[in-house]
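Enquirer: Please dock the two separately framed chains into a single complex, following the hints provided.
Okay, here's what each chain looks like letter by letter:
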Amino acid sequence: MFRIVSKKTLAQGTVIHMKIEAPQIARKARPGQFIILRVDEKGERIPLTMASTDPEDGTIDIIFQVVGKTTALLSTKDVGEYILDVVGPLGRPTHVENVGNVACVGGGTGIAVLYPIAKAYKDAGNRIISIIGARNKDLLILEKEMREISDEFYITTDDGSYGEKGFVTDVLRRVLDEKKDLKLVIGIGPVPMMKYLSFLTKEHGVKTIVSLNSIMVDGTGMCGACRVTVGGKTKFTCVDGPEFDGHEVDFSELEKRLSAYVNEERLAMERFKCTCEK
Amino acid sequence: MEEKRRREKIPRQKMPEQDPKERIRNFLEVPLGYPPDVAKLEAERCLQCKKPPCIEGCPVEVDIPGFIKLIREGDFLSAAKKIKEKNALPAICGRVCPQEVQCESKCVLGKKDEPVAIGRLERFAADWERERGEVSIPEIKEKTGKKVAVVGSGPAGLTVAADLTVLGHDVTIFEALHKPGGVLVYGIPEFRLPKSIVEAEIKYLQALGVKIEVNSVIGKIRSVDELLNEYDAVFLGLGAGLPLFLNIPGENLCGIYSANEYLTRSNLMKAYLFPEYDTPISKGKRVAVIGAGNVAMDAARTAIRLGAEEVHIVYRRGKDEMPARKEEILHAEEEGIIFDLLTNPVRFIGDERGWVKEIECIRMELGEPDASGRRRPIPVKGSEFRMPFDLVIVALGTAANPLLTQTTPGLVLNERGYIVADPETGKTKKEKVWAGGDIVTGAATVILAMGAGRKAARSIDEYLRTGKW
Ligand SMILES: Cc1cc2nc3c(=O)[nH]c(=O)nc-3n(C[C@H](O)[C@H](O)[C@H](O)COP(=O)(O)OP(=O)(O)OC[C@H]3O[C@@H](n4cnc5c(N)ncnc54)[C@H](O)[C@@H]3O)c2cc1C
Ligand SMILES: Cc1cc2nc3c(=O)[nH]c(=O)nc-3n(C[C@H](O)[C@H](O)[C@H](O)COP(=O)(O)OP(=O)(O)OC[C@H]3O[C@@H](n4cnc5c(N)ncnc54)[C@H](O)[C@@H]3O)c2cc1C
Ligand code: SF4
Ligand code: SF4
Ligand code: FES
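Chains as they are written, first to last, in my numbering: chain S, 4 to 281; chain X, 497 to 965.
Hints in this document: simulated from the structure, not taken from any laboratory. Take the hints with a grain of salt, since some may be wrong.
Within a straight-line C-alpha distance of at most 30 Å, the following computed DSSO-like cross-link-like pairs (lysine-lysine) qualify [unchecked claim]:
no.	chain 1	residue 1	chain 2	residue 2
1	S	Lys45	X	Lys779
2	X	Lys707	S	Lys45
3	S	Lys205	S	Lys259
4	X	Lys766	X	Lys517
5	S	Lys276	S	Lys45
6	X	Lys925	S	Lys31
7	S	Lys236	X	Lys779
8	X	Lys699	S	Lys276
9	S	Lys125	S	Lys45
10	S	Lys45	X	Lys699
11	X	Lys822	X	Lys602
12	S	Lys168	S	Lys182
13	X	Lys853	S	Lys236
14	S	Lys236	X	Lys602
All values reported here derive from a predicted model rather than from experimental measurement.
The shape of chain X in the complex, shown without the other chains (with noise of 0.2 Å):
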């Protein structure tokens, strides 16, 4: 009883932390992880519930209880270990999962206090194992002499290719960039996810005996039913790579950018190290970022970075309504990150060389809740306004890239343009292929498309032993 209340007396431990004003000067990682001695204190708060309703809300159920009780006995390697068994990329999801409304939203200690910190605690054991130099390879089965062919190498496909390589099937990942990773590499900035992990990841997969072409644009370089004639199955993990945009009057101005095309030349091109890496980037005075979902508030922080003097989000809904993450939000407001909420863009006005200046917006209220459940924003008659930026960023969402599905026969694409594919299998309407993550449920997370990689991983390898579709 007496320990209960000790641990009870614990509060959660806080993330050390890279202070704002420093920050914004680097692009060095932001929470800088927790010591063991805090780990391990923070592992004390966990009750070990017999029922642990955290596992229901992890997507790949990681045996959270299982995992923190090692840290708590201090030992790291076994913890690491422990969460593999479920989850291929803690050191990512560590960082990047929205945990307070996954594991962490279920945790018994929300209910009164604040959550066990199962992310932060993830990030711990597995920096712990990747720092060491520890990591571990597992027990690879029987080789099958199935050939599979992974399109596409974000988190979806990663997950697929690591499963099936160790049950024992030949992989190999396409990819169209040239470097693999998806979204890690290209859209997550480095401050937030160090590139060096998930480059430490995927040399973690070509030791497991994985294969990775990059440069390898399916669709283009080769077909799908091209594909079919040398794997004995297809995934598709090619992530909802289309950016949207306003389609108001002006956003063909110079200025404006695509958060995809932002942050790609920043993260995947190195851009913020220009001139010594080739690609450039317009580095504005005031910036605008529109929208204010997890992609916004990644452009935004990467702006001030960049050397802006004044960044704006603006949003047309209200500040509840803002689909970002808490602790991104927070962070932003930290970095000096200016809201303009109920705000709407209608045009963007240039100068005499093309360059955008102004956004002439429009103030909104918020009215009855829209499908999404949130309070749909209506524009306020006549209350246009200006305001002058020299450099925008749109960051509105993305929907599917049309590249490879649409000259792929027999693929069924729902009304959005993206693949219909069984919730439980990841099997498409086209015999031989599956597909996983953002293609097939629209724009979500990096653990669901993995949860996604591991079930297609599942019935892949049944369908290969068995043969039955």
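Same shape as in the complex, but just chain S (with noise of 0.2 Å):
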């Protein structure tokens, strides 16, 4: 059993940040990794990545968005109660050097994943150039914390209601052709985003990180239900990932795969908004 011990929630209540308390995981999390967690005794296993952790108080932090029955669940959890199963760290850590200039990408909840990547980095002495975005205003998380731990620091939104309005990616495209001797460019968010950036940065020829998101079950590489192709080879994302070179990505198949359960997932979150309403 692990303890909710605080929750905030950000961007107009579908984006929420908890911290749990889980001391063992704390103590061992590095950049990049992830938890698998189920809320109850009935609950599917969903992986979630933690945006920061604290060793000395023995939390970790979680940032979600709420898309279905178990991130609708989740949230209506609070302080105080318990989530019934956390196992963690999974996924291999990210690797961190001194590069020089990093762009650190990130769009909608894909910000929570790359926040504690890009701080990573930023600590480990390059140059940040960060650019986040969201659909609108009301949407974009973490706005203080990354602007804190970067170097250049750019914002749009679909809308334009805050920041410049367009892409994260018309932003990434307009400092590829700045020609700011970019080294890295690490880039978190929706598929269609890190399909396009990747796309991007291979003209470019500039060095990619993605982070992907596959349905995963186990989390310890024992069912393969994260698979995704590679440079033309299946790997799987909890073991080999989450983190992968974005341009060896199947971007498609994961789009695929991603969308495997839609009539299921639409009957859970129909009954629960039902059980809920009641």
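Expert: What follows is the structure, encoded as structure tokens:
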């Protein structure tokens, strides 16, 4: 049992920040790693990135977007309540080194996954050019935190309600064209964004890391649910990733695999709404 | 003499079973178990051999004539106790042991007639004890103050933990998943091994004093070396949890599962109860299961219960080469599973949404025997053809999962990634670390994993008492 020690609502109530007591995981976790949790006995196992950790307090932070039954159920849990199962740290930690100019590009809830990685690159002495974006101003998360670790900072919104109007990839293209001697691009967000971003950076020949969000079950390489094609080979996101070379990932396949359970997800959400309204 | 003749006339008692038409609509257990009078009658058949060959066929050397005699006398509780002297999990082994190649294959009655139904009797005695809540706790030796960490809660790990606890050591099991039991809970389906039985065995272990920490992936949350700082010995019972795929085009289409994923969703996550339980599973109308081992039969029989209209076993060799137990194949046939033998997939074809819709297969013929002694399948040139399927389960078996082994310095692995360990003691090449079960032998059986656990427990106990590695 894992106690929720704090809870904050970000972005119009659709994104939630929780601090959870998990001392052993907090001690071991490194940037880029994730946990899998199960809210209750009948629950599904879902993966979430650790946005940060506090080894002294023995807590981990998760930031999640309410998209379906499990995240909706989790969002109803309050401080002092418990999550039944939390397992981690899973996945390979981010490989961090000092390379020079690094562009950190985040879209939507992807910024939560991006933040600990960007911070680790900053701490390793890199110059960070951050480009974060959301559909509108209210949906933008972690602006302050990202700003603090950035040497150059850009914001975009789809509707122009904050920062530049447009997509994060529009700004990235400009940055690439300005030839700022980018050594690395880290891009995390919705699959179409990562797909287009990887296409752009490939044209410019800049190394690119993406973090994939495949559907998972165990998270230990036992089931193969999370398989993705990278460089023509099958990889398991949970143990070989979640970060991969964006130029090698088959994003179309990933997109299709993410939609495998749309009907079941809709049914689960409808049932959940019914029980909530009662 | 007359007595002997009377015994010889008793036929091997049939196991009452759920009717196939009925059972393909539920997940309840298929064999219903012997009633007491039938068990006694079956027990009458045993000749009580002076030098019983059946015991040689049992990897843990259960005193077979001993417990059968007690059943015959109607002392079922003592029969259960007798089995438990050698086998800590009789309700499980009675159900899933491949008796036809183990204990029962050696029974003298089998030479002329059918062997004594040892497995069914074992199951009977164990169920009797459990259902009456009469499970006795063995005497636990004086505490030694030594601590042992067991990684993995499959049959190997459970056996080590039980044995060492009784010997007075302090044992903690670390399990990666949220429920202990290994393949017994995530792999073998409810209709073959009810999960309540596994849970009862785990409760029993906890009553002995074994501590279980779930959600603990060793190699991630702690390394083996970190465990060694805190514990006097470590046993690795990791299983062979890495699914094998065919590595042919189209294998990552939606609707293609590994058997591990399919069975884990259904068993561990209870997806067969979706939407009451949250984890979804694709049900499929026309389902193909690739492979013909026990795992394939379990997957096929799960698919039919989830409501598939047609389920096929697609296998590249012939009927005689199928590695599954005879009983499983028979059950699958009774349930209407179709067998496409001498058929090998060459690629999967998807629709525009990325879902599998067809398998392209090639016909095979059998050539000379290969290293496994089974005749080698050879593709027939130009015989490609397609079959429509909307769900595919790849059940080719499993290999060694590298998550822990590749992050543990000092462990020696063989060329296939399994841990090298002494078959008699379970000692690995790393001091204070033992291993056993599927992670040493490759995918095998429950009872062999338990046997390995038992040997390792003996060796660990000796080490803890003498300090000699
Ligand atoms: C390694 C990893 C790290 C992740 N980190 C975060 C994070 O920090 N914050 C966060 O909000 N989300 C994160 N995700 C995604 C998160 O796991 C899913 O949003 C969650 O599983 C949805 O569950 P649900 O039951 O609420 O929704 P469902 O009803 O299962 O799905 C609703 C919608 O979400 C999509 N979806 C389903 N499963 C996933 C998935 N695994 N990934 C992405 N979309 C999915 C579906 O296609 C559907 O459109 C991560 C995923 C992975 C694999
Ligand atoms: C579907 C299926 C059906 C089968 N049917 C039969 C049958 O009818 N009869 C029979 O005799 N055998 C059968 N088998 C084989 C039998 O189940 C196995 O041989 C046996 O379970 C092996 O036991 P084990 O203890 O070595 O490992 P497992 O049962 O595989 O257990 C290993 C455990 O270790 C855990 N683990 C792995 N890595 C770590 C880690 N790093 N940290 C913490 N925990 C970890 C795993 O999560 C798992 O719970 C079947 C197998 C399958 C898959
Ligand atoms: S444990 Fe298995 S092999 Fe041994 S007697 Fe029982 S059923 Fe037979
Ligand atoms: S070999 Fe058969 S008949 Fe003889 S003791 Fe064993 S079970 Fe009984
Ligand atoms: S989630 Fe099961 S192998 Fe990755």
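Enquirer: What hints, given by number in increasing order, does this structure fail?
Expert: 8, 9 and 14
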